[in-house]
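A.B. asks: Required output: the full structure, derived from the provided sequences and hints.
If you read the sequences in order, they're chains Z and W.
Okay, so the first sequence: first residue is 319 according to this note's numbering, each after it adds one.
Okay, so the second sequence: first residue is 3 according to this note's numbering, each after it adds one.
A couple of the hints might just be wrong.
Using 30 Å as the maximum straight-line C-alpha spacing, the simulated DSBU-like pairs for lysine-lysine come out as follows [what the hints assert, rightly or not]: (1) Z/K501 with Z/K525; (2) Z/K322 with Z/K393; (3) Z/K525 with Z/K387; (4) W/K82 with Z/K393; (5) Z/K457 with W/K9; (6) Z/K565 with Z/K607; (7) W/K83 with Z/K525; (8) Z/K527 with W/K241; (9) W/K17 with Z/K429; (10) W/K17 with Z/K394; (11) Z/K387 with W/K14; (12) Z/K344 with W/K241.
Just so you have them, the derived chain Z footprint on chain W, three or more residues with Cβ under 8 Å [to be verified]: (13) 18 to 31; (14) 80 to 87; (15) 94 to 103.
For the record, the hints were derived by calculation from the structure and aren't laboratory data.
All residues carry an ideal CB built from backbone N, CA and C; glycine is no exception.
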Amino acid sequence: MSIKVNNLTKYYGDYLAVDNISFEAKKGEILGFLGPNGAGKSTTMKIITTYLPPTTGTIEVDGFDVEEKSLEVRKKLGYLPELNPLYYDMNPVDYLDFVAKLDGIPAADIKKRREEMIRVCGLDSVRHKDIGTLSKGYKQRVGLAQAMINNPDVLILDEPTSGLDPNQIIEIRNLIKKLGKEKTVVLSTHILSEVTATCNRVIIINKGKIVADGTPEELQAKSKGQSVVTLEVKNNCDKNELSGALKDIRSVNKVEFVKDTGDSFVFNIYGEKGADLREVISNKVTQQKATVLSMQTKQSSLEDIFRELTK
Amino acid sequence: MNTQNIKTIYSKELKSYFNSPVAYIVMIVFMAISGFLFTMSFFQINIASMREFFGSFFIQLVLFVVFIPAITMRSFSEEKKQGTLELLLTKPITDIELILGKYLSALTLIIITLSPTILYFIIIKMIGPIPFWPFLTSLLGYILMSAFFIGIGVFVSSLTENQIIAFIVSVLICLSFFLFGKLLVVFPTSVVSFFEYLTTDYHLSNISRGVIDSRVLIYYFSMIFFTIFLTKVSLESRKW
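C.D. replies: Right under this line is the structure:
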């Protein structure tokens, strides 16, 4: 139960969509594919799922090459494409039965699998409605049910939670986490909180290249971001003088006046990486006869890393 | 080739024909036109024959040039538009199984549409003597011709995600095959026999006379094979 991508490159005509990427995903991993629009996430997924061939490079799913053993690979896969393809004139029951047959599920098991998917994805109340009349969230659930009905070893989900409401998003994330324990899951997203909430590994991809690969925690640690302190002082002092004094601290790189709230001034103070500025700042403010109202250090978040890497 | 996969696609397609108005419109309009022409020719000419019926330019034009493109226009273009083609092509099913499932379901719909002609035959048979064999070969000729034009329609619909474009282009292609035979008189006799072989008209009138010539069968089957092959190439073109 694994995916091995070796030196994958994909050109659309002259346009380079995926540029020599390699990675592996093992059983029990939920791999988040993160990147701005047009980074090559969907293209990579289309190649893993055998819809498109690689220009160069190889991909193996459970040891089967996607080009040479395409049908074997497809049997192992569950795939939810980005556009969530559905037949609008079918109801969820007929649609899932149709997909189950295509997946080669034995006729005797089809009903059982379909009912399980309806239960897991919460489709019972809409089982006999035409898919075309369902809301976007229900459509997305039908799509997820479709991807999982053959109980695949490898699950490829292109933006699985798009269009869902917050409750459904949490449900689907929990479902993915549960499935991820015994399967290999690759999901793409551009919602950063999704990655921290669901994935145990992240690959950030930009302009077709992998720019970061690791657990969300590792990526945060690796970030070369600077430490930032947000400082709020009472407005009984001269803000220019204070900001000049703060700038004199050795490990401070920049002081930025954010706003005047009426009874307080807010500053952002940027320091060198790893430096804890709070103590020196507090001393400095007291020296200036000003009063500290609040002070927070900001951790560099995945969002900062994302922005840094995909600028 | 996995016949189970072909069957899955086939029954889904056939169901969706009958879930949409297209199948009913085609069947009802065909019944109305053919019923009208049948009674007209039957009472006017006053002979127990279906030759005029099957030879009717109007019936052929409506059936082969309008109805078949109308039936096949959705087959792949709608899948492309909705993105469901990506779903089908990432399931454990080969391109050719998918094409055959769709192709055979359209052919089935046409055969169902043609089935009332059996009723006409029975009616004439009750009144006067009518040979069975020419009727059967005429019907076979119609089915072969439909099979060829369905191939064209399915192929054209695999080229575009716009149903209307698929319809218009298939109408034009079917029309040129269909009319080409009628225009042969303007060609010099030296080339006529060559072009004649390419036209559907020549083969259809041959088989309607009750002669099942191997050349006719070879013509239709190679054309059907060729259109299915082109459709397969067209589906594979996503990989270029």
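A.B. asks: Between Z/K457 and W/K9, does the CA-CA distance stay at or below 30 Å?
C.D. replies: Within the cut-off at roughly 26 Å; holds.
A.B. asks: Is the hinted pair Z/K565 and Z/K607 satisfied, with a Cα-Cα distance of at most 30 Å?
C.D. replies: 16 Å, holds
A.B. asks: Check whether the Cα positions of Z/K344 and W/K241 lie no farther apart than 30 Å.
C.D. replies: 28 Å, holds
A.B. asks: Is the coverage entry for the segment 18 to 31 of chain W by chain Z consistent with the three-residue Cβ rule at 8 Å?
C.D. replies: holds (count 3)
A.B. asks: Would the hint linking Z/K322 and Z/K393 be met if the CA-CA limit is 30 Å?
C.D. replies: With a Cα-Cα distance of about 17 Å, the restraint between Z/K322 and Z/K393 holds, given a limit of 30 Å.
A.B. asks: Given the proposed pairing of Z/K527 with W/K241, does the C-alpha separation stay at or below 30 Å?
C.D. replies: 22 Å, holds
A.B. asks: Mind checking the alpha carbons of W/K17 and Z/K429 for me, to see if they're no more than 30 Å apart?
C.D. replies: 19 Å, holds
A.B. asks: Starting from W/K17, check that the Cα of Z/K394 is at most 30 Å away, please.
C.D. replies: It holds: about 29 Å lies between the C-alpha atoms, which stays within 30 Å.
A.B. asks: Z/K387 and W/K14: Cα distance at most 30 Å?
C.D. replies: Holds: Z/K387 and W/K14 sit about 27 Å apart, inside 30 Å.
A.B. asks: Run the distance test for Z/K525 versus Z/K387: straight-line Cα separation, threshold 30 Å.
C.D. replies: 29 Å, holds
A.B. asks: Given as covered by chain Z, does the segment 80 to 87 of chain W meet the bar of three residues or more with CB within less than 8 Å?
C.D. replies: holds (count 4)
A.B. asks: What's the verdict on Z/K501 and Z/K525, does the C-alpha distance respect the 30 Å limit or exceed it?
C.D. replies: OK: Z/K501 and Z/K525 at ~28 Å, within 30 Å.
Hint compliance for this structure: every hint is met.
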